[in-house]
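A.B. asks: The chain contents come next:
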Amino acid sequence: MSEHHQEHHILSIKTAGTVLGLLLALTALTVAVSRIDLGFMNVAVALTLATTKSLLVITYFMHMKYESRFFRIIVFICFLILAVFIGMTFFDVAYRHGG
Amino acid sequence: MSEIHKDYTGAKLGMWLFLFTEVLLFGGLFVLYSTYLYKYPQDFHTGGKQLDVFIGTLNTVVLLLSSFFVALGITYIQRGEKKLAIRYTLLTIIMAFGFLINKSIEWSAKFHHGIYPNSEHLLEMPHGEQIFFGLYFVMTGLHGIHVIIGAVVMGVMVWLMKKDNINKDDFVKLENAGLYWHLVDLIWIFLFPLFYLVL
Chain V
1 MSEHHQEHHI LSIKTAGTVL GLLLALTALT VAVSRIDLGF MNVAVALTLA
51 TTKSLLVITY FMHMKYESRF FRIIVFICFL ILAVFIGMTF FDVAYRHGG
Chain U
1 MSEIHKDYTG AKLGMWLFLF TEVLLFGGLF VLYSTYLYKY PQDFHTGGKQ
51 LDVFIGTLNT VVLLLSSFFV ALGITYIQRG EKKLAIRYTL LTIIMAFGFL
101 INKSIEWSAK FHHGIYPNSE HLLEMPHGEQ IFFGLYFVMT GLHGIHVIIG
151 AVVMGVMVWL MKKDNINKDD FVKLENAGLY WHLVDLIWIF LFPLFYLVL
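If you read the protein sequences in the order shown, they are chains V and U.
Quick note: the first sequence uses our numbering, first residue 1, plus one each step.
Quick note: the second sequence uses our numbering, first residue 1, plus one each step.
Chain V on its own, in the form it takes in the complex:
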C-alpha cells in the first residue's frame, strides 16, 4: 500500500470528546447570551461564538489541523472569498442612499 496510510493521523476519541464538550458549552453560552439584551452587540457576539464553533469543527472533526498546507490554504481562501462577498455587499447596502 502507499505510504500515506502509515503517516495518516487518527483523531483520538479523547480529542473528539473534548471538542464535543466545547461545542456544547459554546451552544449553551450562545443561548444564554442571546437572552440578555445587548443591542447590536447580540448579533456580533452570536456570530463570534458561531465562528469559534465552526473553527473547532473544521480544525478537528474535518481534520484540517492534520492536513497538508495545500488544503489549509484552499479552505482559507474559500472562506476569505465568502467574507469578502458578504462584507462588500454590506458596504453597498449600508452606504446606499435612498435604498
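Derived by calculation from the structure, the hints in this document are not laboratory data.
Each hint should be verified, as a subset may be incorrect.
Restricting the straight-line Cα-Cα distance to at most 27 angstroms, the calculated cross-link-like pairs of lysine-lysine (BS3-like) are [to be verified]:
| # | chain 1 | residue 1 | chain 2 | residue 2 |
| --- | --- | --- | --- | --- |
| 1 | V | 65 | U | 12 |
| 2 | U | 6 | U | 173 |
| 3 | U | 110 | U | 6 |
| 4 | U | 173 | V | 65 |
| 5 | U | 163 | U | 173 |
| 6 | U | 83 | U | 163 |
| 7 | U | 83 | U | 6 |
| 8 | U | 12 | U | 110 |
| 9 | U | 168 | U | 82 |
| 10 | U | 6 | U | 168 |
| 11 | U | 49 | U | 39 |
| 12 | U | 12 | U | 103 |
| 13 | V | 14 | U | 110 |
| 14 | U | 6 | V | 65 |
| 15 | V | 65 | U | 168 |
| 16 | U | 163 | U | 6 |
| 17 | U | 173 | U | 82 |
| 18 | U | 12 | U | 83 |
| 19 | U | 168 | U | 12 |
| 20 | U | 49 | U | 103 |
| 21 | U | 82 | U | 163 |
| 22 | V | 65 | V | 14 |
| 23 | U | 110 | U | 49 |
| 24 | U | 110 | U | 39 |
| 25 | U | 168 | V | 14 |
| 26 | V | 14 | U | 12 |
| 27 | U | 173 | V | 14 |
| 28 | U | 163 | U | 12 |
| 29 | V | 14 | U | 83 |
| 30 | V | 65 | U | 82 |
All figures in this text were calculated on a predicted structure; none of them were measured in a lab.
Model the placement of chain U on the given structure of chain V, informed by the hints.
C.D. replies: Coordinates of chain U only, in the frame set by chain V:
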C-alpha cells in the same frame, strides 16, 4: 498482492472543491439574510421571537452529537474496528432522523398557525416579517434536504463497510462522507443563532 492505484489526496481535494460550491450556495442566502436584517431589524426580531428556541437548541445538540459520532466512526474504521465504526455511523443516521422529526414538528406548528409560504396570514404580516419567514423556510428547508441526503450517504457507507469496500486501509469514502456531514453541521451552527436567537 496486486497494487491498486488509489489517489487519496485527489479524492479529498475533489470533495473539498464540492464543499466550496456548497459554501457559496448557502453563502448567497446568508448575504440575503444579512442585507434584510439590516433593512428590517425590528421585523426580524418579531419573526425570530415566534420560533421555538427549545426545538432549535435541541436540534443543535442533536447535530453536534451526530458530528461527534461521524468522527468516532472514522477513528474506529482507521483502527480496524469495523463493528464499532458501523455502530457509530448508524447512530449518525438515527441523529439525522431525530433532527428531521424535530424539524417536522416545528414546521407543522408553524403551518397550524397559518404561517407557510404564500399563506393569507403571512401576507398580512409586515414586509420584513414576510421576508424573515421566506428566508426561514428556504434556508432551513434547503438545510433539511442536505440532512436527508447526508443520512442516505451514511446509509451507503454502512453498506460499503459491511462489504469491506471501506476498511482499515481504504477509508477515504467514509472520510469524505464525514466531511459532507460536518459541513451540514457547520451551516446549522450559523442558521441557529441567526433565526432562533435573533434580537
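A.B. asks: Work down the list of hints and note, for each, if the structure agrees.
C.D. replies: Going through the hints against the structure:
With a CA separation close to 15 angstroms, the supplied pair residue 65 of chain V and residue 12 of chain U stays within the 27 angstroms bound. Of the pairs offered as hints, the one joining residue 6 of chain U and residue 173 of chain U holds, with about 12 angstroms between alpha carbons and a cut-off of 27 angstroms not exceeded. With a CA separation close to 49 angstroms, the supplied pair residue 110 of chain U and residue 6 of chain U exceeds the 27 angstroms bound. Straight-line distance between C-alpha atoms of residue 173 of chain U and residue 65 of chain V comes to about 19 angstroms, which keeps the hinted pair within the 27 angstroms bound.
Restraint check for residue 163 of chain U and residue 173 of chain U: the C-alpha separation of about 13 angstroms stays at or below 27 angstroms, so the hint holds. Taking the CA atoms of residue 83 of chain U and residue 163 of chain U, the gap is about 12 angstroms. The hint holds against a cut of 27 angstroms. Pair hint residue 83 of chain U plus residue 6 of chain U holds up; C-alpha atoms about 24 angstroms apart against a cutoff of 27 angstroms. At roughly 40 angstroms between alpha-carbon atoms, residue 12 of chain U and residue 110 of chain U are farther apart than 27 angstroms, so this suggested pair is violated.
Taken as a hint, the residue 168 of chain U and residue 82 of chain U pair is honoured in the structure, with Cα atoms around 8 angstroms apart against an allowance of 27 angstroms. Note on residue 6 of chain U and residue 168 of chain U: the hinted pairing holds, with a Cα-Cα distance of about 14 angstroms set against a maximum of 27 angstroms. Restraint check for residue 49 of chain U and residue 39 of chain U: the C-alpha separation of about 18 angstroms stays at or below 27 angstroms, so the hint holds. Simply put, residue 12 of chain U and residue 103 of chain U have alpha-carbon atoms about 31 angstroms apart, too far for the 27 angstroms limit, and the pair is violated.
Note on residue 14 of chain V and residue 110 of chain U: the hinted pairing is violated, with a Cα-Cα distance of about 40 angstroms set against a maximum of 27 angstroms. Note on residue 6 of chain U and residue 65 of chain V: the hinted pairing holds, with a Cα-Cα distance of about 23 angstroms set against a maximum of 27 angstroms. At roughly 21 angstroms between alpha-carbon atoms, residue 65 of chain V and residue 168 of chain U fall within 27 angstroms of each other, so this suggested pair holds. A distance of roughly 18 angstroms separates the Cα atoms of residue 163 of chain U and residue 6 of chain U; the hinted pair therefore holds under the 27 angstroms criterion.
Between the alpha carbons of residue 173 of chain U and residue 82 of chain U the distance comes to roughly 14 angstroms, so the proposed pair stays at or under 27 angstroms and holds. Of the supplied pair hints, the one linking residue 12 of chain U and residue 83 of chain U holds, its CA atoms being roughly 25 angstroms apart against a limit of 27 angstroms. Distance hint between residue 168 of chain U and residue 12 of chain U is fulfilled; the C-alpha atoms sit about 17 angstroms from each other, no more than 27 angstroms. Restraint check for residue 49 of chain U and residue 103 of chain U: satisfied, since their Cα atoms lie roughly 17 angstroms apart, inside the 27 angstroms limit.
For the hint pairing residue 82 of chain U with residue 163 of chain U, the CA-to-CA distance comes to about 11 angstroms; that is within 27 angstroms, so the pair holds. Proximity of residue 65 of chain V to residue 14 of chain V is assessed by CA-CA distance (about 16 angstroms); at most 27 angstroms being required, the pair is judged to hold. Restraint check: the Cα-Cα separation between residue 110 of chain U and residue 49 of chain U comes to about 13 angstroms, which is no more than 27 angstroms; the hinted pair holds. About 24 angstroms separates the Cα atoms of residue 110 of chain U and residue 39 of chain U, which keeps this hinted pair within 27 angstroms; it holds.
With a CA separation close to 20 angstroms, the supplied pair residue 168 of chain U and residue 14 of chain V stays within the 27 angstroms bound. Straight-line distance between C-alpha atoms of residue 14 of chain V and residue 12 of chain U comes to about 25 angstroms, which keeps the hinted pair within the 27 angstroms bound. Simply put, residue 173 of chain U and residue 14 of chain V have alpha-carbon atoms about 24 angstroms apart, close enough for the 27 angstroms limit, and the pair holds. As the CA atoms of residue 163 of chain U and residue 12 of chain U are separated by approximately 22 angstroms, the hinted pair is consistent with the 27 angstroms bound.
Distance restraint check for residue 14 of chain V and residue 83 of chain U: the Cα-Cα separation of roughly 19 angstroms lies within the 27 angstroms cut-off, and the hinted pair is therefore satisfied. This hinted pair checks out: residue 65 of chain V and residue 82 of chain U have alpha carbons roughly 25 angstroms apart, not beyond 27 angstroms.
Checked against the numbered hints given earlier, this structure breaks hints 3, 8, 12 and 13; the rest are met.
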